[in-house]
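J.: The residues making up each chain are set out below.
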Amino acid sequence: MNTKTFVTGLVISFLLLSCGGKEEKKETFNVDRKKSTETIAETPEPNNEVPASQRITLEDKGVGQIKEITLDPVINMEMAAAGEAIFKTNCTACHKLDKRFIGPSPKGILERRSPEWIMNMILDPKLMTEQDRCAKDLLIEFNGAAMANQNLTVEETRSILEYFRTL
Amino acid sequence: MKKYSYFISALMVSALLLTSCGNQNGNGGSNSALASNNAEKVYVAPGEQDEFYAFMSGGYSGNITVYGLPSGRLFKEIPVFSQFPTSGYGYSEETKPMLNTSFGFVPWDDAHHPDISQTNGELDGRWIFINGNNTPRIARVSLSTFETEEIIELPNSAGNHSSSFITENTEYVVAGTRFSVPVPQRDMPINEYKGNFKGALSFISIAPDTGRLNLDFQMMMPGFNYDLSHPGRGKSHGWFFFTTYNTEEANSLMEVNSSQNDKDFIAAVNWKMIAEYVKNGGGTKMATEYAHNVYDEHTHSATSTMKKEVITVDPTKVPGAVFFLPTPKSPHGCDVDPSGQYIIGNGKLSADLTIHSFDKMIAAIEGKKFDGEAYGIPILKFEDVLAGTVKSGGLGPLHTEFDDKGNAYTTFFISSEVVKWKLGTWEVLDRQPTFYSVGHLMIPGGNSRKPFGKYVVAMNKITKDRYLPTGPEMEHSAQLYDISGDKMELIYDFPTHGEPHYAAGIPAELLAPKSKKIYRLDDNKHPFAVTSPDQAKVVREGKEVHVYMSTIRSHFTPDNIEGIKVGDKVYFHITNHEQDFDVPHGFAMIGQNTSELLIMPGQTKTSLWEPKKVGVWPFYCTDFCSALHQEMQGYVRVSPADSDVPLTYTLGE
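Here the protein sequences come in this chain order: A and B. Counting from 1, one number per residue, gives the positions in the first sequence under this note's numbering. Counting from 1001, one number per residue, gives the positions in the second sequence under this note's numbering.
Quick caveat, the hints were computed from the structure, so don't treat them as lab data. There's no promise every hint is true.
[Stated by the list, open to error] Which stretches of chain B does chain A cover? Using the computed rule of at least three CB atoms under 8 angstroms from a CB of chain A, they are:
(1) 1134-1148
(2) 1263-1274
(3) 1532-1543
(4) 1553-1564
[What the hints assert, rightly or not] Under the rule of at most 16 angstroms between Cα atoms (straight-line distance), these lysine to aspartate or glutamate pairs were calculated in the EDC-like manner:
(5) K96(A) x E1653(B)
(6) K99(A) x E1653(B)
(7) K126(A) x D1582(B)
(8) K88(A) x D1534(B)
(9) K88(A) x D1522(B)
(10) K126(A) x E1653(B)
[Claimed, not checked] If you anchor each label on the Cβ, the simulated ranges turn out as follows:
(11) E155(A) x L1647(B): 38 to 44 angstroms
(12) L167(A) x P1046(B): 44 to 50 angstroms
(13) N143(A) x A1512(B): 32 to 38 angstroms
(14) P1640(B) x E155(A): 49 to 55 angstroms
(15) G1104(B) x E78(A): 51 to 57 angstroms
(16) T1299(B) x V154(A): 44 to 50 angstroms
(17) T1305(B) x M77(A): 34 to 40 angstroms
Everything numeric in this text was worked out from a predicted model, so none of it was measured. Where a beta carbon is used, it is the ideal one built from N, C-alpha and C, also for glycine.
Taking the hints into account, I'd like the entire structure generated from these sequences.
T.: Here it is as structure tokens:
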């Protein structure tokens, strides 16, 4: 935190300096620094070596109303198509398939998270980031951009999960 | 340094509090045991909710404010007749049509009397209606979205004051003119008022399912001032009662000239009979012009239609439908008790209240016991319709509300008090001072068949020393009395916004469960909505540019736009993709000649920007929406009018 304040202070001083009249200077202003992830790494906590987005937590079912679900070995394509439509409207502002955006890409999420965890995260992200360790760490890793609760029903959420299985 | 000044301020405040306690003459409930008891009555602990909603008219603010009772906490201001930069109402392209009238765009009005919809004479909490007094209009506000959904202008009216009161099954919202005017309007000498001006009483029907308003007919009454009104209920359902003053038909120095007659009238109108007459082809179609503005919750947009015709009814053509009840001393308030038997006329220049009996009125009409006529309308004999008189000892009675135990509560403006009296015996039971010069009062449901007689709120016109001074202008004061016991107890005092003429209260349990939390994105029928971010785009049509933009915590899609030129008209159509309760996003553009927008979850709103200067101009979200709210911004590059910078729009590229 102090480091950050100091850096900010430096930035401000630079800005002040740059006000001194060299308007035509074309070089991009640059401070060699890495923020957040590295700053946090300086005060290490247990289990924090692997970034939350890369951790495998398949045993963790998360916190919330989804306690236990069983996935049929065969993907229900009709449900997945419904899920895709809901995902497109409600989620793509922050989650892109081809890249990390505001939040992570859902591609391969079932290799890292349990189906229950995924549904709980969609249904009540606030509760999850308050009470689930992995969700909390993800929030920090993703810049503090809190996931929006889109008020989806359990059925809608389940169909998004089915869609994730197709990715 | 700072600590010292805090300490000194604390000392001063304590000193003030102590001093002011000593000055209250026993009226303010400062007696310690009583005061702590009263404090408990109004204390709504943090996290707890109030028992009642109170909807207060904002008077010259043109809006409605929503308070909680008993706490007196302000929850919301609902924009109705006035532009409201806080939300963009009346500034956004979607809501500008709401303020359209036959006089053009009128961005303000004087809101007076809210009334909540009823079923069988009981509050049903679907809608609240309110009148615009200045440029005569009636508005309907949804009590699930708390948004104004409809405004209808009233032709042939002026000073739309005896409004907006609804019949007991919400068949009609009724609006009487305070100022009589030439009908149709024409160039004529003012002093030829008498006998030539008309007073229009408008009956606006309400569609039971949608609430949609329709000006069914206007009664063209003699040119008196129609001051206030209330519907009959129970046995008198089907009648409407209007107080009148200036039966002298004076047109100047009204303060003196309108107070010459010892008695004016309460006009009793059998609206069921007239509605039937009109339904059967009665009345005269008259060419006129008035705006009818409707807001659609699904397109999030309003449309304004100019109507060209109204049906007028000459009351003398419908015998048996209209009668005058002589009522002393320029009556102001016109209130009907929960049983529908008593019609109370509050003679504002009198000390007494006049109570007419509905049964006696019917008997007099049936017995044809008339005492002459005015412009062909029969006048009943005062003694034949009088049920009783409340000898109050107060001065300047204005308005009366009722509890559920057979009591009535009347405000007295000149003597600044609320007087409690018994229906039927007319005996005064209690009186309590108000601070100061009380106008209306409100008991939740107190003008319906089922009052909730726990509290009465007195709405005062003058505040003076009640609160810390804020320069010459003070917000009006309201006082809350506990009326659950035999005697009224003043338990709280709070400021109110604008001038709350009247108010309507309703138990929270009737409204809170159906209050809307979000607009569903998949219900959004706005023509410029984007329901997924990949639909976001910027389209140029000549000099008009349409930006189809989406928002979610915490970015706009797109957030970099180039290819805009000086002289363009840029419409930002912004859809909020949040689907979570209480997460609006704002939108503001530097140098914009309009207000910000506040866009509710699932809603689309449009803001017009006409860039005047070349440069790169930022826009941002005005509502602190998340930890990354400060990052919620974007840029628009504005090039000279003749430039050929291509139109592009991006996010994260």
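J.: So is the segment 1553-1564 of chain B in contact with chain A by the C-beta rule, three or more residues under 8 angstroms, or is the coverage claim wrong?
T.: That given contact holds, which follows from 4 residues of the segment 1553-1564 of chain B lying within Cβ reach (below 8 angstroms) of chain A.
J.: Could you check the hint for me, namely that L167(A) and P1046(B) are 44 to 50 angstroms apart, CB to CB?
T.: holds, 46 angstroms
J.: Between K96(A) and E1653(B), does the CA-CA distance stay at or below 16 angstroms?
T.: Status holds; Cα separation ~14 angstroms.
J.: Can the restraint linking K126(A) and E1653(B) be considered satisfied, given a maximum Cα separation of 16 angstroms?
T.: Violated: K126(A) and E1653(B) sit about 29 angstroms apart, past 16 angstroms.
J.: Is K126(A) within 16 angstroms of D1582(B), Cα to Cα?
T.: holds, 14 angstroms
J.: How about the segment 1263-1274 of chain B: do at least three of its residues have a C-beta closer than 8 angstroms to a C-beta of chain A?
T.: violated (count 0)
J.: Can you tell me whether the CB distance of T1299(B) to V154(A) sits inside 44 to 50 angstroms?
T.: With Cβ atoms ~30 angstroms apart, the hint is violated.
J.: Taking the Cβ atom of P1640(B) and the Cβ atom of E155(A), is their distance within the range 49 to 55 angstroms?
T.: Holds, since P1640(B) and E155(A) (Cβ atoms, about 54 angstroms apart) stay within the stated range.
J.: Within the segment 1532-1543 of chain B, is the number of residues with a Cβ closer than 8 angstroms to a Cβ of chain A three or more?
T.: holds (count 3)
J.: Against the 16 angstroms threshold, does the CA-CA distance of K99(A) and E1653(B) hold or violate the hint?
T.: Satisfied, since the Cα-Cα distance of roughly 12 angstroms is no more than 16 angstroms.
J.: Could you say whether the range 32 to 38 angstroms given as a hint is met by the Cβ separation of N143(A) and A1512(B)?
T.: holds, 36 angstroms
J.: Look at the Cβ atoms of E155(A) and L1647(B) and judge whether their distance stays inside 38 to 44 angstroms.
T.: holds, 41 angstroms
Of the numbered hints stated above, those contradicted by the structure are hints 1, 2, 10, 16, 17, listed in ascending order.
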